[in-house]
Amino acid sequence: MGFLLLAATVLGLASNSVNPRGVAVVGNYPRIEYGPDSAVVPPSAEPGDPPFITLKQAYGKYHDPGTIFLDTRDPDDYRAGHIKGAVNLPFDWFDDFWPDVEPLLDGDDEIVVYCSGAECETSLYEGRYLQELGYRRVFIFYGGLSDWVNRGFPADSM
Amino acid sequence: MISKILTNEGVGWLVRVSLGILFIWASADKIFHPGAFAKIVNNYQILPGELVNIAAIILPWLELLCGLSLITGVFVRPSAAWLGLLLVVFTLAVSINLGRGININCGCFSTSSHARTLGVSLLLQDFGMLLLAAHVYYYNNRFLSIRRFFGAR
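Top line first, the protein sequences correspond to chains A and B.
Taken in order, the first sequence gives residues 2 to 159; the numbers are from this note's numbering.
Taken in order, the second sequence gives residues 103 to 255; the numbers are from this note's numbering.
Next comes chain B alone, as it looks inside the complex (with noise of 0.2 Å):
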């Protein structure tokens, strides 16, 4: 039963088109206020000084590429392991600040200052679209792709 599910075309398409709309709010924010969007990557305190701008360029593209790529159904598998890289290191980051008590704003869909905080919710969120992305990268779904419209298996 729970294999059927996992192997259907339908849901593995939903899994798929959602993670990619979730990246693709989760960059929006970020790209047009990279000033601010650095400031939080500081606040983690995990990158050194010189790349946090760097990164704080970089990283909204590239969730927004691979949510565009789920989403058209190219480039599926390199896109889930980028997705599914960013999580992991997400996590990471998120335990390391929870780990030293630093009470900071997440970063994740939003800029604001109003946004969330650092908590245990969001280990769990990431937890659950790393399993998202894993789904992804194993069934490799192409269900209503660019790629099939155009003839490609």
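Same shape as in the complex, but just chain A (with noise of 0.2 Å):
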């Protein structure tokens, strides 16, 4: 069995160092906490409204090829910076917005949405109207991106 693994690690280190994809040895990845994780229900939170998730879950949906992430926040907010990979409909122009982002939404796919985090709303109140639309399948992050990118996981700006 030694054999083996001595032999996969040669062939692979070595196959790392010539693969252009290749990575480093040693990572170096923010990892979770599985304590405490961020305060995700507002007091303005009513039955029925969707599920707030924690970030934990928030990090488990990003890597679901099922799930699309929601910025609600202002176009400015969001080219200054937003998790990686999401679609900008902010609730305040929801209307001009929304003939782009109905196409990319399947009625299977899980929606995500936030704001900046714990200090604004609008995540809040578009899940609800998400909801209202006939989404069945809104969460709400409602740590959102300040949250996230404490944690220095994946963001971008345009």
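In case anyone wonders, no lab produced these hints; they're calculated from the structure.
All C-beta atoms in this analysis are idealised placements derived from N, C-alpha and C, irrespective of residue type, glycine included.
Since no wrong hints were added, every one of them can be taken at face value.
Restraint ranges, calculated between C-beta atoms of paired labels, are given here:
| # | chain 1 | residue 1 | chain 2 | residue 2 | range |
| --- | --- | --- | --- | --- | --- |
| 1 | B | L246 | A | V150 | 51 to 59 Å |
| 2 | A | L7 | B | I198 | 23 to 31 Å |
| 3 | B | G137 | A | W99 | 31 to 39 Å |
| 4 | A | R152 | B | G201 | 15 to 23 Å |
| 5 | A | R152 | B | I107 | 46 to 54 Å |
| 6 | A | E47 | B | S223 | 30 to 38 Å |
| 7 | B | G112 | A | N151 | 54 to 62 Å |
| 8 | A | V11 | B | R179 | 18 to 26 Å |
Far from chain B, some chain A residues (derived; all Cβ distances over 12 Å):
| # | residue |
| --- | --- |
| 9 | A46 |
| 10 | G49 |
| 11 | P76 |
| 12 | G82 |
| 13 | P104 |
| 14 | S117 |
| 15 | G118 |
| 16 | E120 |
| 17 | Q132 |
| 18 | R137 |
| 19 | S147 |
| 20 | V150 |
| 21 | N151 |
Quick one: dock chain against chain with the hints and give me the complex.
Next up, the structure:
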């Protein structure tokens, strides 16, 4: 058994060193703490609201190809920085942006809405509205961009 | 009847070679895309961040070598033992993340973002493959192996 492990180690390191897509041997990844997570339920939450998810849950869904992240903040804020891959659907300009965003949403997909963090509520309002429009798999990541960026998770700017 | 099937050399060969092919197939994409596979390993949130890349570098090669060994019929038992061990680890990792409610790509046969995600069917698949590995280990099938071809017993 030892021989196979040794051979795999040698071949793996050799192929990684010549592979243009190779990675550093020692990784550097942010860790998710499994203790108390981000505060997720705002005082203004009401029965029937879409489920509120934690940072841990949001990060899990982030890697699910069947999930789309919607940034509910204003376009200027979105341009300054957003969760990588998220689509901008500003709550205040919902009707203007909706025609471009609607084709991206499949009824079976999970939708995660977020805004800046605990100081904003547009994710809550937009989550409710999407639910009213008939989307049944909406989740509110109330920790928002601030929690996301604090943990060093993938973010992007334009 | 069942014991006859289990001990049949042809069946043993089929199980051994099928498992080998499955693991060679599983290794190929990961070997070419170590970065993408490392990201998937990290998503499981089980290994410390420092060990994620080295695991992503070695693991696919271990799968490939064990797969080739099974097909050629050399190092059959050590390879089956490794694959069995890997399958137990995979099953535990999937179970832990299902328990956490985290939905990530499994990284089983592809590093694509559209690959399969975790679920109970994946656990059943791993368990089925674990049975195949146990069969190969227990019966140590050498039918149509390189060793036999060269006259070794």
